[in-house]
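Please arrange chain Y on chain L, whose structure you already have, making use of the hints.
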Amino acid sequence: MSGRFVLLDAVDLTYRAGEDEGTLALEGASLGVGRGEFAAIVGPSGCGKSTILKLVSGLLAANRGRVEVAARPVAGPVKMAGMAFQNPTMLPWLSAIDNVLVPLKIVQPYRSQFKQKRAEYEERARALFKTVGLAGFEKRFPWQLSGGMQQRASLCRALIHEPEMLLLDEPFGALDAFTREDLWATLQELWMSRRPTVILVTHDLREAAYLADRIFVMSARPGRVIAAHEVPFPRPRTLDMTFSGEFVELIHALRREISDAREEALAA
Amino acid sequence: MRRRSLARRSLPWAVIIGMFLVWEALCRLFNVPEFVLPLPSQIFEVLITRWEALLPHTTQTLMTTVIGFVGGVIVGTLIGIAIGSSRLVYEAMYPLLVGFYSIPKVAVVPILVLWFGSGTVPAVITSLVICIFPVVVNVATGLATTEPELEDVLRALGASKRDILWGVGIPRSMPYLFASLKIAITLAFVGTVISETVAANRGIGNVMIIASSNIDVPLVFAGLFILAFMGIALYALFALLESRMTGWAMRKTEFSM
Numbered sequence: 001m002s003g004r005f006v007l008l009d010a011v012d013l014t015y016r017a018g019e020d021e022g023t024l025a026l027e028g029a030s031l032g033v034g035r036g037e038f039a040a041i042v043g044p045s046g047c048g049k050s051t052i053l054k055l056v057s058g059l060l061a062a063n064r065g066r067v068e069v070a071a072r073p074v075a076g077p078v079k080m081a082g083m084a085f086q087n088p089t090m091l092p093w094l095s096a097i098d099n100v101l102v103p104l105k106i107v108q109p110y111r112s113q114f115k116q117k118r119a120e121y122e123e124r125a126r127a128l129f130k131t132v133g134l135a136g137f138e139k140r141f142p143w144q145l146s147g148g149m150q151q152r153a154s155l156c157r158a159l160i161h162e163p164e165m166l167l168l169d170e171p172f173g174a175l176d177a178f179t180r181e182d183l184w185a186t187l188q189e190l191w192m193s194r195r196p197t198v199i200l201v202t203h204d205l206r207e208a209a210y211l212a213d214r215i216f217v218m219s220a221r222p223g224r225v226i227a228a229h230e231v232p233f234p235r236p237r238t239l240d241m242t243f244s245g246e247f248v249e250l251i252h253a254l255r256r257e258i259s260d261a262r263e264e265a266l267a268a
Numbered sequence: 001m002r003r004r005s006l007a008r009r010s011l012p013w014a015v016i017i018g019m020f021l022v023w024e025a026l027c028r029l030f031n032v033p034e035f036v037l038p039l040p041s042q043i044f045e046v047l048i049t050r051w052e053a054l055l056p057h058t059t060q061t062l063m064t065t066v067i068g069f070v071g072g073v074i075v076g077t078l079i080g081i082a083i084g085s086s087r088l089v090y091e092a093m094y095p096l097l098v099g100f101y102s103i104p105k106v107a108v109v110p111i112l113v114l115w116f117g118s119g120t121v122p123a124v125i126t127s128l129v130i131c132i133f134p135v136v137v138n139v140a141t142g143l144a145t146t147e148p149e150l151e152d153v154l155r156a157l158g159a160s161k162r163d164i165l166w167g168v169g170i171p172r173s174m175p176y177l178f179a180s181l182k183i184a185i186t187l188a189f190v191g192t193v194i195s196e197t198v199a200a201n202r203g204i205g206n207v208m209i210i211a212s213s214n215i216d217v218p219l220v221f222a223g224l225f226i227l228a229f230m231g232i233a234l235y236a237l238f239a240l241l242e243s244r245m246t247g248w249a250m251r252k253t254e255f256s257m
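Taken in sequence, the protein lines are chains L and Y. Going by our numbering, the first sequence opens with residue 1, and the numbers climb by one from there. Going by our numbering, the second sequence opens with residue 1, and the numbers climb by one from there.
Next up, chain L with everything else stripped away, as it sits in the complex (with noise of 0.2 Å):
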């Protein structure tokens, strides 16, 4: 597992929650995820699939194992990393525009040029706003945006500061059928034109083996990994594939395992 750019090694993580005992929700988990590689997580639902994105970001601190990014331990929020979450968590008092912005006023080296570079910054947005189909939509205020148009504008402000690594947590869980597959295909179009470290937590078998290279399933809580699938379709990929029969039985096999895993948790 050495070499690899994004690393957990045999970790453990409990929430605590005031004095009480704590959750333990993982336990023993470890993965590899090589450079500009795209990797998701499925598994049975609170089974700590966002938890490990947050140990990867930086965001909690492991209680025992090793989380490494880069080759370097995970001491703090890592910089490097553009995040979006399943509510689009857009700021309400900024038009679309300026949410997107927002990483390149906090991250070096953009932040200290911000104020001279306003416009080349503005300027990268609307491109960006234009790859996921929102131009024309910039000066908008969230609330004016359909969920839909909030999850492409909060991708945007996950690639805006060109993230090394792509943290996605559900990104596409509360939306509608359609509007979900235009955007794994905008999605995948962006990861295969700048090729940052993705890794995409899901509950949507579909949608992991149509844009990931690798799948981790876990457990149910407390979580750890039990299988790894590559997933060996060809890029670009397209919705016909999805119902091939080679894709297909990935999804069984993927479907199988996350049953037997939580069949196991309730006899347990």
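FYI, nobody ran anything at the bench for these hints, they're computed from the structure. Any given hint could be a false lead.
To be verified - Pairs of lysine-lysine, BS3-like flavour, derived with a Cα cap of 27 Å:
| hint | chain 1 | residue 1 | chain 2 | residue 2 |
| --- | --- | --- | --- | --- |
| 1 | L | K130 | L | K105 |
| 2 | L | K139 | L | K117 |
| 3 | L | K105 | L | K79 |
| 4 | L | K139 | L | K105 |
| 5 | L | K54 | L | K79 |
| 6 | L | K79 | Y | K161 |
| 7 | L | K117 | L | K130 |
| 8 | Y | K105 | L | K117 |
| 9 | L | K130 | L | K115 |
| 10 | L | K115 | L | K105 |
| 11 | Y | K105 | L | K54 |
| 12 | Y | K161 | L | K105 |
| 13 | L | K139 | L | K115 |
| 14 | Y | K182 | Y | K105 |
| 15 | L | K115 | Y | K161 |
Predicted, not measured: the structure shown is a model, and the values here were computed from it.
Relative to chain L, chain Y alone:
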């Protein structure tokens, strides 16, 4: 549609004028003596004929209130930020604040007079003190209820606590601050007038206390009218500012920066 909105807008005026008409009619009908309840027409007459004498007192009260209000909002915002952004400060300071706020402000004025003498200073301080509490509570609530997801967006980028406070916490609590300003400005008048009636030789509160000892009841009521008018005017000013500054919280389509 347009006509209806015009009718809507004139509704509060109709209510106010209607109240005065009923008041006038009832007083005349039952022959209520002037020293119990003067006629609205008498009160307006006082306002018009003696405006030159009333004006300096009005500006005195207005200035005192505005200075106290501005001071109270600044102090209240700072305490609110401290309390809202730290659980520890919240738990440590809240009981003291509630206790402090429960003290009737009239009881504080004599102490202030003892320290600063009578006049403008105790009035400013009274109105300042009375404004603080609603501002503190609202700003602290705004900060404390900020969605952690919004903060995560910045935290994941390596933003400092200060960045998060300025980037998310403070803008998020602006609607709460503005809501509290409308309450605080009316309370500030209460503070000023309390102090002016107890220990001052200028201001509307002072005018009213002297008029009442002279049993010049129309003048007392004229003082009340001036206070009510200033209260409404400043409330409206802050309501307007609120909709301009924090239209996003009310989802106004015409809102833009």
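Against the structure, the hints come out as follows:
For a cut-off of 27 Å, the pair hint linking K130 (chain L) to K105 (chain L) stands: about 21 Å separates their Cα positions. Annotation: proposed proximity of K139 (chain L) to K117 (chain L) holds, straight-line Cα distance about 19 Å (limit 27 Å). Between the alpha carbons of K105 (chain L) and K79 (chain L) the distance comes to roughly 13 Å, so the proposed pair stays at or under 27 Å and holds. Between K139 (chain L) and K105 (chain L) the alpha-carbon distance is near 18 Å, which keeps this suggested pair within the 27 Å criterion.
Distance check on the hinted pair: K54 (chain L) and K79 (chain L) sit about 13 Å apart at the alpha-carbon level, within 27 Å; holds. Straight-line distance between C-alpha atoms of K79 (chain L) and K161 (chain Y) comes to about 15 Å, which keeps the hinted pair within the 27 Å bound. A C-alpha spacing of about 20 Å is found between K117 (chain L) and K130 (chain L), which places the hinted pair at or below 27 Å, so the restraint holds. With a C-alpha separation of about 53 Å, the suggested pairing of K105 (chain Y) with K117 (chain L) is violated against the 27 Å cut-off.
Among the hinted pairs, K130 (chain L) with K115 (chain L) is consistent with the structure: their alpha-carbon atoms are about 24 Å apart, no more than 27 Å. Pair hint K115 (chain L) plus K105 (chain L) holds up; C-alpha atoms about 9 Å apart against a cutoff of 27 Å. Taking the CA atoms of K105 (chain Y) and K54 (chain L), the gap is near 50 Å; set against the 27 Å cutoff, the hint is violated. Between K161 (chain Y) and K105 (chain L) the CA atoms are separated by roughly 14 Å; this keeps the pair inside 27 Å, and the hint holds.
Pair hint K139 (chain L) plus K115 (chain L) holds up; C-alpha atoms about 19 Å apart against a cutoff of 27 Å. Restraint check for K182 (chain Y) and K105 (chain Y): the C-alpha separation of about 19 Å stays at or below 27 Å, so the hint holds. For a cut-off of 27 Å, the pair hint linking K115 (chain L) to K161 (chain Y) stands: about 22 Å separates their Cα positions.
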